[in-house]
Amino acid sequence: MEQRDFSFKKYAWQQFKKNKPALISLYILIALVFIALFAPVIANDQPLYCKYKGETFYPAFSTLVNPSKLDSVVNPETGLAEVLQFDITDWRKLDLEKVMWAPIPYSPDKGDRYNREYVSPFDEQRYKNSDNQIVAIPNRLRHIMGTDNIGRDLASGLIHGTRISLLVGVLAMGIASIIGVFLGALAGFFGDRNLLMPRSKYYFTLLGVFLAFFYGFGVRKYTLANAFTSGNGIWELVISLILIAAIIVGMRLLSIVFKFGWLAKEVSVPIDTFVSRGIEILNSIPRLILIITISAIFVRSIWLIMVIIGLTSWTGIARFTRAEFLRIRELEYVQAAKSLGYSNFRAIAKHALPNALAPVFVSIAFGVASAILIESSLSFLGIGVPDDVVTWGSLLNLGRQEFEAWWLVMFPGFAIFLTITIYNLIGEGLRDALDPRLKS
Amino acid sequence: MLKYLAKRILIFIPTLLAISLLAFIISISAPADPVEKLSSSADKEGAANQQSNATKKTKQELRKKLGLDLPVFYFSFGSISDCDTLYRVADKDHSACLAELSNYYGNWEDVSSYFHQLNVAQLSHSKLILDDIFEMNKDAEGRPNYSKNEINDVITESNFEINSMLETANPNVIASKFSSLDTLYSNYAFLSPIKKEFEQSKLLYNDMLSKQSSWKSYIPKIIWYGSKNQYHFWLFGDGEQRKGVVRGDFGFSYIDSQPINTKIWSKVWISFSFSLLSVLFAYLVSIPLGIYSAYKKDTKFDRITSIVVFVLYSMPSFFIGVLLLYTFANPDTLRWFPVSGIQDPTLYDPSWSFFEKAAHRAPYFILPLITYTYSSFAFLSRIMRVGVIDVFGQDYIRTARAKGLGEGKVVMKHALRNSLLPIITVFANIFPLAIGGSVIIETIFTIPGMGFEIYSSILNSDYPMIVAVFTIIGFLTMIGYLVADILYAVVDPRISYK
Chain H
15 MEQRDFSFKK
25 YAWQQFKKNK
35 PALISLYILI
45 ALVFIALFAP
55 VIANDQPLYC
65 KYKGETFYPA
75 FSTLVNPSKL
85 DSVVNPETGL
95 AEVLQFDITD
105 WRKLDLEKVM
115 WAPIPYSPDK
125 GDRYNREYVS
135 PFDEQRYKNS
145 DNQIVAIPNR
155 LRHIMGTDNI
165 GRDLASGLIH
175 GTRISLLVGV
185 LAMGIASIIG
195 VFLGALAGFF
205 GDRNLLMPRS
215 KYYFTLLGVF
225 LAFFYGFGVR
235 KYTLANAFTS
245 GNGIWELVIS
255 LILIAAIIVG
265 MRLLSIVFKF
275 GWLAKEVSVP
285 IDTFVSRGIE
295 ILNSIPRLIL
305 IITISAIFVR
315 SIWLIMVIIG
325 LTSWTGIARF
335 TRAEFLRIRE
345 LEYVQAAKSL
355 GYSNFRAIAK
365 HALPNALAPV
375 FVSIAFGVAS
385 AILIESSLSF
395 LGIGVPDDVV
405 TWGSLLNLGR
415 QEFEAWWLVM
425 FPGFAIFLTI
435 TIYNLIGEGL
445 RDALDPRLKS
Chain V
813 MLKYLAKRIL
823 IFIPTLLAIS
833 LLAFIISISA
843 PADPVEKLSS
853 SADKEGAANQ
863 QSNATKKTKQ
873 ELRKKLGLDL
883 PVFYFSFGSI
893 SDCDTLYRVA
903 DKDHSACLAE
913 LSNYYGNWED
923 VSSYFHQLNV
933 AQLSHSKLIL
943 DDIFEMNKDA
953 EGRPNYSKNE
963 INDVITESNF
973 EINSMLETAN
983 PNVIASKFSS
993 LDTLYSNYAF
1003 LSPIKKEFEQ
1013 SKLLYNDMLS
1023 KQSSWKSYIP
1033 KIIWYGSKNQ
1043 YHFWLFGDGE
1053 QRKGVVRGDF
1063 GFSYIDSQPI
1073 NTKIWSKVWI
1083 SFSFSLLSVL
1093 FAYLVSIPLG
1103 IYSAYKKDTK
1113 FDRITSIVVF
1123 VLYSMPSFFI
1133 GVLLLYTFAN
1143 PDTLRWFPVS
1153 GIQDPTLYDP
1163 SWSFFEKAAH
1173 RAPYFILPLI
1183 TYTYSSFAFL
1193 SRIMRVGVID
1203 VFGQDYIRTA
1213 RAKGLGEGKV
1223 VMKHALRNSL
1233 LPIITVFANI
1243 FPLAIGGSVI
1253 IETIFTIPGM
1263 GFEIYSSILN
1273 SDYPMIVAVF
1283 TIIGFLTMIG
1293 YLVADILYAV
1303 VDPRISYK
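As given, the protein sequences belong to chains H and V, one line each in that order. Just so you know, we're using the numbering used here here: the first sequence kicks off at 15 and counts up by one. Just so you know, we're using the numbering used here here: the second sequence kicks off at 813 and counts up by one.
Do not rely on the hints blindly, as some may be mistaken.
[To be verified] As a list, the in silico BS3-like pairs of lysine-lysine whose alpha-carbon atoms are at most 27 Å apart:
no., chain 1, residue 1, chain 2, residue 2
1, V, K1112, H, K31
2, H, K235, V, K989
3, V, K1221, H, K235
4, V, K1109, V, K1221
5, H, K32, V, K1109
[Stated by the list, open to error] With the C-beta cut set under 10 Å, the calculated list includes, among others, these residues of chain H facing chain V:
no., residue
6, D206
7, I295
8, A372
9, F375
10, W420
For the record, the hints were derived by calculation from the structure and aren't laboratory data. Every residue gets a Cβ at the ideal spot worked out from N, C-alpha and C, and that includes glycine.
Using the sequences and the accompanying hints, generate a full structural model.
Right, here's the structure in full:
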C-alpha cells in the first residue's frame, strides 16, 4: 500500500514518458495538429493584417468567415472608390502602408504566375511589385520550398496537406475502430454459443436489418444522390443512418409481441462465425486494390476516400478486440458481473471493454499510420482525390513527372515519412507502456 | 491433420463465393458502360445523336455476347414500383432514368409506356429527310422558306432535347423541355411527324402524373430471376462458348476481347519473379541480421540496425521508388539504369536463351527489386529480432547453454528453428503478391506485370478482369494461409491440428 493513488493510466503514462522516441513523436504530432488547425493563418496569400490607403484590413481572417468578402477604399486624392474582393485581389501588387504577411505568404491552390514551370527554392524567383515591374522577389516573399508547374507554392501545399493527412488518420481510423471494436467485442464475448435470444427476436432482427437498409438506403437512394450533388449529403446520410437504427430497434421491440410458442424458444446466434468469416473475406483481398476499385466507381472526393479506408480497415482492430475479449470473458470480474445478474451490455461496456482497450489503442496507432500511407498512395496514383485538393501524395506525384523538380519529391516524401514514423513510434511506445507483460 | 485440411478446404468454397460476389457487386455498381467503351464508333453527344440503327444493332449484339442483357444475379431486392425487366434496357442512362421515374411515380407500366413513346418520338427523327423537307418548304416563287442549315439545326435541337428527356427524371427539367419543344414544334411545321409522337408522350406523361402512387416504392419486393443470370453464367458457363469459372474460364476482357486467362498468364510471371526474388533476398539479409542483432541485443550494433530498419520500415515504397529513379535513372545525375519497362524492345530477341534474357533484363530489374525488397526486408528483420529475443529468454536455451553446448549450436540449432514461426506468415503472402503484384511499384517503374494490369483494368472498368483477379487473389491468399499453417506444424511439432 505504498502507492495509494495508483492508477493504470498514470502508470502507463509514466512508462510512456520513459520511451524518449515515442515522447518526441508525441510532441511532433502535437506540432502537426497545431499546423493543421492553423493552416489558413500559417500559409495564406492574403496578409494577416494590412493598412491600405488609411484603412485597416485583416484579409486572411475575414475570408475565413466570408470567402468572397468585398470591401472598398476611397482614394483620398481622386475621391474614387476602389473595390477590393479579398480572395482575388493580388495584395502583393497593392501599395500597402503597413502589412503583416502570413509566415508562408501563399495559398496552396493558387498559382503564382511569375514563378511557373518548377522554380527551385534556390533559383531566382520573381514577382510584380506595386509599380507593375517584374523584379527579383524579396526574401520575405520567396517560395522557400519551390513551386510546381503552375506556380503553386510547395510549402503552402505541405502545410495544408497536413490537414488532410491528419484527418484521414482520425476519420478513417475512427470509423474502423467503431466497427472493429463493436464486432470484435460481440464475437469475442459471446462466441458462437453464448449469444442467446428468442427466435422471435433473432428473426425480427434479421428482418429489421433488411427493412432498415431498404428504407434507409433503397427508398432514399435518389434523395441521397440529389443531396450529395447539391452539397448537403452528409445530413441526408445521417437521417438515413438514424432511420436504419430506429427501424432495427423498432423491430426488436416489436418482436416481444410475438414471443410465444415456438418463437419464444431461445437459440444461439453464431456471431463469432459471422465476424470471423467477414474478417477472412476482407483479408483475402489486397486492401489497396479493393480501395482503388471502390474509389474508382464513385465521385472523386477526399471524404469518400476516408470513409472507404475506414470501412475496409477494421479487420485488424476486430481481431485484437476479439482476442482480448476471449481472454477477458473467462476472468473472475466478468464472471462476477454475470453472476450478479448484470446485463450482457453492462458486462461488456463497463467491465470488459475498459480492460480490452489497451491492445486496441496500439493497433489503432499503427492503423493510423497505414491509413495515411494508403491515402498518400492513392493520391500518388491520382485515384479518388480531386485534382484541386492538394495532398502530400499528389505533390509527390507531380515530382515524379518532372525529373528536375527534386524539391517536389523530397519535401512531400519526407512529410509522409515523418508522419508515418511518428505514428509507428507512438504505437510502439503505447505497446510497451500499456502491455506490462512485454516488460521484463 | 487430414481431417483438418479437408475442413479448411471446405471453408474455401463459401469464402471464395463471397469474394467473387463482392467483386461482382462492386463491378456492376460502376457507372461506366462497357458497351459504349467497346463500340467507340457510337458517339453519344456528337453526331447530332443520330446513332444509326446499325450501330444500335451492333451494340445490341455486343451486349448479348457479353451477357449484359441478362439480370445480374439470381434475385434482386426492390420495391413493388420497380420494373422487373429493367435489365433489358440497353442504355445505362436510360435504365437509370426509368428506375428513378418508377421510384417517383410508382407505376412502372405507365412509366414504361411514357418512356417507350419518347423513344418512338426520338426514332421518328430518322424519318425526316433533310432534302425532302427543303424541297417541300418553298414558297410560291420557289424560294426556300428555310435554309438547309436551319433545318438541320432544328432537327438536331429537337433530337437533343428528347434525348436529354430520356436521361432525366427531374420533373422541373422535364416540364421545361416540354415547353421548349412545344414552341419549337409550333414554329416549324415540318416537324409534325415528331410532334404527333411527342404530343402522345406528353399525354402519357400527364397520365403517369395523375396516376402517381409513390406509396408503392415503400413496399419491398424480392424479384427472382432464376439461373439465367450473369453471375450464374460467369460461375458455371452458359453451355455454349463460355465454360465458367468452375472450369477455369474467366471470360473475356472488355478492353481488347482477349481471354482473361491468357492475359493473366502472360503477365503473372513478371510479378511472380519479382516477388519470388525479393522475398528470397529479403530472407537472405533479414534472417542473419535479425539473429545477429538479437544476439548482440542492446549493443551499439543492435541499436543502429534497429534504427535503420525502423526508418526503412516507415518509408513509403513510392517514395523509395521515386528516389531511386531520381538518383540512378536520371539523365542529369547518374544514368545507371533504365527508367521503365523490363526490356529494350529494339534489342530484345525472343529466341534468346534463358541466361541471355536474364542478362538483358538484369538492369531493368534492379531498381524495382530494391524497392520490392526493402519493405519486406525491414518488416522481416524486425519480426526476426523480436522472435529470437523471445526465444533466447526460454528455459531450453538456458539448458542448452548450461550443458556446455557451443554458442553456434545454441543459436543455429535451438534458437533459429523456434524463431522461424513468424517468418512463415510472410512466406504465405508470396502467392497473392505474385498475382496482385504491387500496384504502386509497377506503376512507378512501368513494369507490365499484374499490378499494372489491375490498375489499368480498374481505370478502364474492365469488370471481368477485376472480378477474376479478386477471385484468384482470394483463392491464393487462402492457399497461402493454409500452406503457412502446415509449415507451422512442420517447423514446430508442438503445434498440431486436431
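Verification of the supplied hints:
1. Of the pairs offered as hints, the one joining V:K1112 and H:K31 holds, with about 23 Å between alpha carbons and a cut-off of 27 Å not exceeded.
2. Note on H:K235 and V:K989: the hinted pairing holds, with a Cα-Cα distance of about 25 Å set against a maximum of 27 Å.
3. For the hint linking V:K1221 to H:K235, the alpha-carbon distance of about 68 Å lies beyond 27 Å, and the restraint is violated.
4. For a cut-off of 27 Å, the pair hint linking V:K1109 to V:K1221 stands: about 18 Å separates their Cα positions.
5. Simply put, H:K32 and V:K1109 have alpha-carbon atoms about 19 Å apart, close enough for the 27 Å limit, and the pair holds.
6. Taking 10 Å as the C-beta cut-off, the interface hint given for H:D206 is violated, the closest approach to chain V being about 15 Å.
7. Because the beta carbon of H:I295 sits about 5 Å from the nearest beta carbon in chain V, less than 10 Å, this interface hint is met.
8. With 10 Å as the threshold, the beta carbon of H:A372 stays out of range of chain V, its nearest partner Cβ sitting at about 19 Å, so the hint is violated.
9. Interface restraint check: H:F375 against chain V, minimum CB-CB distance 19 Å, threshold 10 Å, status violated.
10. For H:W420, the interface hint holds, the least distance from its beta-carbon to any beta-carbon of chain V being 6 Å, beneath 10 Å.
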